[in-house]
Amino acid sequence: MPRPLVILLHGTRFNARSWDAYADLVDAELRAVDLPGHGVRAGQPWTTDAALAVIDTEVATAAPDTPIVLVGHSLGGFIATTWAQRHPDALAGLVLVGAMADPRRHRILTRAYTDFAKLLPVVGPQRMASIANTVLRVMGIRGDAIPDATGYAVAPDAWHSVVAEAGCHQLPDVTCPVWLVAGALDQLAIDTRRYARACQDPRIVVVRSATHLLPFTHRRQLAEVINEASGVVTAVA
Numbered sequence: 001m002p003r004p005l006v007i008l009l010h011g012t013r014f015n016a017r018s019w020d021a022y023a024d025l026v027d028a029e030l031r032a033v034d035l036p037g038h039g040v041r042a043g044q045p046w047t048t049d050a051a052l053a054v055i056d057t058e059v060a061t062a063a064p065d066t067p068i069v070l071v072g073h074s075l076g077g078f079i080a081t082t083w084a085q086r087h088p089d090a091l092a093g094l095v096l097v098g099a100m101a102d103p104r105r106h107r108i109l110t111r112a113y114t115d116f117a118k119l120l121p122v123v124g125p126q127r128m129a130s131i132a133n134t135v136l137r138v139m140g141i142r143g144d145a146i147p148d149a150t151g152y153a154v155a156p157d158a159w160h161s162v163v164a165e166a167g168c169h170q171l172p173d174v175t176c177p178v179w180l181v182a183g184a185l186d187q188l189a190i191d192t193r194r195y196a197r198a199c200q201d202p203r204i205v206v207v208r209s210a211t212h213l214l215p216f217t218h219r220r221q222l223a224e225v226i227n228e229a230s231g232v233v234t235a236v237a
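Each residue of the sequence shown is one higher than the last, beginning at 1 in full-length UniProt numbering.
The set of hints was computed from the structure by calculation and includes no laboratory data.
Incorrect hints may appear among the rest.
Ranges of calculated distance between the beta carbons of each label pair, as one might list FRET restraints [as the list claims (entries may be wrong)]:
hint: 1; residue 1: T57; residue 2: D20; range: 27 to 33 Å
hint: 2; residue 1: P172; residue 2: A62; range: 32 to 38 Å
hint: 3; residue 1: V206; residue 2: T47; range: 30 to 36 Å
hint: 4; residue 1: D27; residue 2: P172; range: 28 to 34 Å
hint: 5; residue 1: D49; residue 2: D201; range: 38 to 44 Å
Being a predicted model, the structure only gives us computed values, none of them experimental.
The beta carbon of each residue, even a glycine, is placed where N, CA and C say it ideally should be.
Produce the complete structure using the sequences and hints provided.
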């Protein structure tokens, strides 16, 4: 049986480099990808179908019978959920990190993200990136994990698609185990238990003191979850 293939999806404005540190922490074949408008796909427009096609391409490269584990943080988690909804029997594991907020239930939270996107043309991507990166550095993010302003170009369209499509209603038909990973201080984990009730086989992991930046600040804890997902599917296989 082939080793599990773990496909890693980054959050808004980040890119595949977000996951570089996980190569030494996860015992599986890792494939970190850039979503449209980010990283090597800078300049490409964002649509949900384009983002899903990125995942399709990676899945298509896997050898027959390879267990696929999909891991997504924030925007990547919402896209991972949509992919799982459209392919409910295709995954061996789904790991959502800070992507458990249902836009239909939280108008104020939703407005915070959509209004932020509306500010981008006014403030400008470079200035917005400078402000956001200052916050990231204060929170301990360093080096290549600090993103440039590239991904801001597609942020309005990306979050519009999340608001229009995302929610726990996407999960009831997904047959694989679903790990719902939340920082205790993560605003986008507000509906974790509601998401869990929608899953056939949920596993909730809450990391104390972690924020929405959990994949950067608590790598070992998240790597343990990814290893568990990969190990479980290996055992089942």
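Hints and how they fare:
no.: 1; hint: T57 - D20: 27 to 33 Å; verdict: 21 Å, violated
no.: 2; hint: P172 - A62: 32 to 38 Å; verdict: 26 Å, violated
no.: 3; hint: V206 - T47: 30 to 36 Å; verdict: 33 Å, holds
no.: 4; hint: D27 - P172: 28 to 34 Å; verdict: 31 Å, holds
no.: 5; hint: D49 - D201: 38 to 44 Å; verdict: 28 Å, violated
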